[in-house]
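Undergrad: Taken in sequence, the protein lines are chains A and B.
Per my numbering, the very first residue in the first sequence carries number 1; after that it's consecutive.
Per my numbering, the very first residue in the second sequence carries number 1001; after that it's consecutive.
It should be emphasised that the hints constitute simulated quantities derived from the structure, not laboratory data.
Fair warning: there could be bad hints in the mix.
[What the hints assert, rightly or not] The following label-pair restraints were derived from C-beta to C-beta distances:
hint	chain 1	residue 1	chain 2	residue 2	range
1	B	R1095	A	L138	30 to 36 Å
2	A	L233	B	T1275	41 to 47 Å
3	B	R1095	A	L63	24 to 30 Å
Ideal placement from N, C-alpha and C gives every residue a C-beta, glycine not left out.
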Amino acid sequence: MLEIDTVTKRFGQVVVADALSLTVRPGDAVGVVGPNGAGKTSLFGMISGDLSPDAGEIRFAGLTVTRLDAAARCRLGVGRTYQVPRPFADLTVFENVLVAAQQGAGERGRAARATAADALARTGLSDLSDRLAGRLGLLQRKRLELARALATRPSLLLLDEVAGGLTDPEVAELVEIVRAARGDGLAVIWIEHVVRALTATVERLICLAGGRMIGDGPPAEVLASRAVQEVFLGVTP
Amino acid sequence: MKFLALITVVLAGVPFYAGPAWERPLIDLLTLAAMASLWNLLAGFAGLASFGQQAYLGIGAYALFATGLDPLVGVPVAAVAAGLAAVPASVPLLRLSGGHFAVATWVLAEIARLTVSMATGNTGVALPAAHEPLLRQAITYWWALAVAAGAVGGILLLSRGRYGLAARAVAGDAVAAAASGVKVTWTRRVAYCLAATGTGAVGAVLFADALYVQPSSIFNVQYSVSMMFMVLIGGIRTVEGPLLGALIFFGLQRALAGYGPWYLILLGVIAILMTLFLPRGIIGKVGRPWKSRAGRSYSVRWPLWPAARRRSKDRGPRAREPS
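Start from the sequences, fold in the hints, and give me the full structure.
TA: Here's what the structure looks like:
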């Protein structure tokens, strides 16, 4: 469903994607790890349409989407969360999710409200639906990111450090939400520094460093590989 | 909405029961209210703070002059002309945002002023009076009322629906809005062109009221500054905030008109104090305790969000049960 074909992106001298290729099938759950500056969030930016690559092509759902903007890609089924939550602070929690259901999922009236209510229920935010999003705490903001992404009815969900900065029980809750969301064939790509959260959910782990993929496979294998250990632990052969 | 309709009906009768003495100040007040509401549509609901709305006042006024139409039928034509002018203008402008957008709108307004000056001369043009004075003023008054009611009612309806929610999401965070599927540029373009249309109608009304217009007066940035002032003191992102702001501005204008420059200095001081102490305006401040008590899931003052209201009503009884 998602094919990233030799994509390259540079910011000045910094290479955040160096002829990177990646294929994700429907229902896949892929974890992404890598040191800071490895190009993880930039990869998401290029998939979701916030960034355009310097070279290479991105295909999604049978279409070449390299030149499509973020809204068009969202409507095609790419849902994403941001590392630093970006709620619409002046809108209520319900409105935050409703706008995603109306615009991202293209639903109207009752159907949109039902999708929004469902997304809030799945993320445990139903009781807060009347609150202004700007007044939420960090965990609730992270949940709202997730709820808003789910309300666009994505077929591919990009999670950017939804567990960062949370306590262990909070991480466990979020992992449960993501696992439950995966039930209906949703593909997930999940960037996370909290590796426990990843290994509990994904079957495949990729490791990025310097815009290149240095590991791709089952989580245990990737984490044990020499190249990944070098990057993360500074172990030299 | 019913309240708005009632006020409109009551005001529509003013020429019959109150007479022409009331019309003149009300024309001022209504055009101010319309301008403030339209600026709020742009800045509050779509996140586009403009310094160049005077461009559309001027285009509306000069469109009325250029077509030579009787204001009775010319005001909508002027509005459409301003709206059409906004479509190509929006193409370069909407590539910008924030301060860049604000400055570019001002530059564009200056270009419009210079173009009109070159075409018609700096000294201004007069509108031939098409009716006897009493009727003429009543027609102007009714148009001022229609434009103000249309602007407020239109914004009210717009902000209730899908479009308004999308626009407010764009104003909140354009990147996150795009990631939620909102067509950001299209949403902004609609707001920009609608605000231009309404502002063009106001321009035509101002011209019909004064019977005379000069490029340097109608294309004056002071208009945009006044719109901003009214919206900020009344309460941005609310429907009634700009109306309250217009009322206050109108009052200040009347009370302080005789003090020359001190009037402008005082306005500046008020604007600074409001920004420091009431950044969300009077309605933003006053509305707060009322809203938190009601606990409703709409975020714009005045119950703009029927879906959310329905939800709240569903939740009401449950919330009151002892837990």
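Undergrad: Now tell me if each hint is right for this structure.
TA: Against the structure, the hints:
Distance hint check for R1095 (chain B) and L138 (chain A): the Cβ-Cβ separation is about 34 Å, which falls inside the suggested range of 30 to 36 Å. Checked against the hint of 41 to 47 Å, the C-beta distance between L233 (chain A) and T1275 (chain B) comes to roughly 52 Å, which is inconsistent with it. Between R1095 (chain B) and L63 (chain A) the CB atoms are about 25 Å apart, so this pair conforms to the stated range of 24 to 30 Å.
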